[in-house]
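Engineer: Residue numbers (our numbering), protein chains in the order written: chain A, 1 to 114; chain B, 115 to 225.
The reader is advised that the hints may include incorrect statements.
What the hints assert, rightly or not - Pairwise CB distance ranges, derived in the manner of DEER restraints:
#	chain 1	residue 1	chain 2	residue 2	range
1	A	Glu18	B	Thr192	46 to 52 angstroms
2	B	Pro154	A	Ser66	27 to 33 angstroms
3	A	Glu1	B	Ser209	27 to 33 angstroms
4	A	Asn52	B	Asn126	32 to 38 angstroms
Stated by the list, open to error - Computed footprint of chain A on chain B, listed as stretches where at least three residues anywhere in the stretch have a Cβ under 8 angstroms from a Cβ of chain A:
#	region
5	129 to 135
6	153 to 166
The hints are simulated quantities; they were obtained by calculation from the structure and are not laboratory data. Since the model is a prediction, treat every value here as computed from it, not as a measurement. For glycine and all other residues, C-beta sits at the position ideal for the given N, C-alpha and C.
What follows is each chain in one-letter form.
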Amino acid sequence: EPEVTQTPSHQVTQMGQEVILRCVPISNHLYFYWYRQILGQKVEFLVSFYNNEISEKSEIFDDQFSVERPDGSNFTLKIRSTKLEDSAMYFCASSKMERDSPLHFGNGTRLTVT
Amino acid sequence: SQKIEQNSEALNIQEGKTATLTCNYTNYSPAYLQWYRQDPGRGPVFLLLIRENEKEKRKERLKVTFDTTLKQSLFHITASQPADSATYLCALDSSASKIIFGSGTRLSIRP
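Let the sequences and hints guide you as you build the complete structure.
Structural biologist: Right, here's the structure in full:
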């Protein structure tokens, strides 16, 4: 069964550094998402993306964050200048349709900012 | 303000019994509601989707109900097994391109 893959599984970075988290969504999916989960807390929506544009973003997704689909397969999340509070699991997800369609999640990248 | 609440942080039941998890929401009008399972250190895995015009959906030992008047969904696992132990998340469409999650219920099935 096709799956969403995320790399790396664990990233450690120093405060103020830039990080890029990578995702390969399921190939025939058109809608892409990033979520984050701080340890012990809920899965929080960051951003949705369709047709090379952001569809919607949350308050968390400020100017430090950006997303890109640089080629036909990858979907990336960049954090420009990491803060300690950015430490979390970051999940990528994709879906076939916008509405009424389950999200397929990757297994996440654990980001640790020191 | 808008909220999704799952009835309890943790639920502990005996193997073979039916587990019932609750999801309540306020100030949303979702077109559909979804349930996911999350194991430690892993991404959520989709289980079931129920639309606003559907009262009930079943898949093997799983059953979901959706009451738009009560603004509530119930998720049942019948004949529960220790392998069903996980965190279960409900999710709804806050808008066309935004799905938001409840904080989850951690279910433990003891042998």
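Engineer: Look at each hint and say if it fits the structure.
Structural biologist: Against the structure, the hints:
1. Glu18(A) - Thr192(B): 46 to 52 angstroms: The hint (46 to 52 angstroms, Cβ to Cβ) holds, given that Glu18(A) and Thr192(B) are roughly 49 angstroms apart.
2. Pro154(B) - Ser66(A): 27 to 33 angstroms: 30 angstroms Cβ-Cβ, so the 27 to 33 angstroms window holds.
3. Glu1(A) - Ser209(B): 27 to 33 angstroms: holds, 29 angstroms
4. Asn52(A) - Asn126(B): 32 to 38 angstroms: violated, 47 angstroms
5. 129 to 135: With 0 residues closer than 8 angstroms to chain A, the region 129 to 135 of chain B misses the three-residue bar; violated.
6. 153 to 166: holds (count 8)
Going through the hint list in order, the structure does not satisfy hints 4 and 5.
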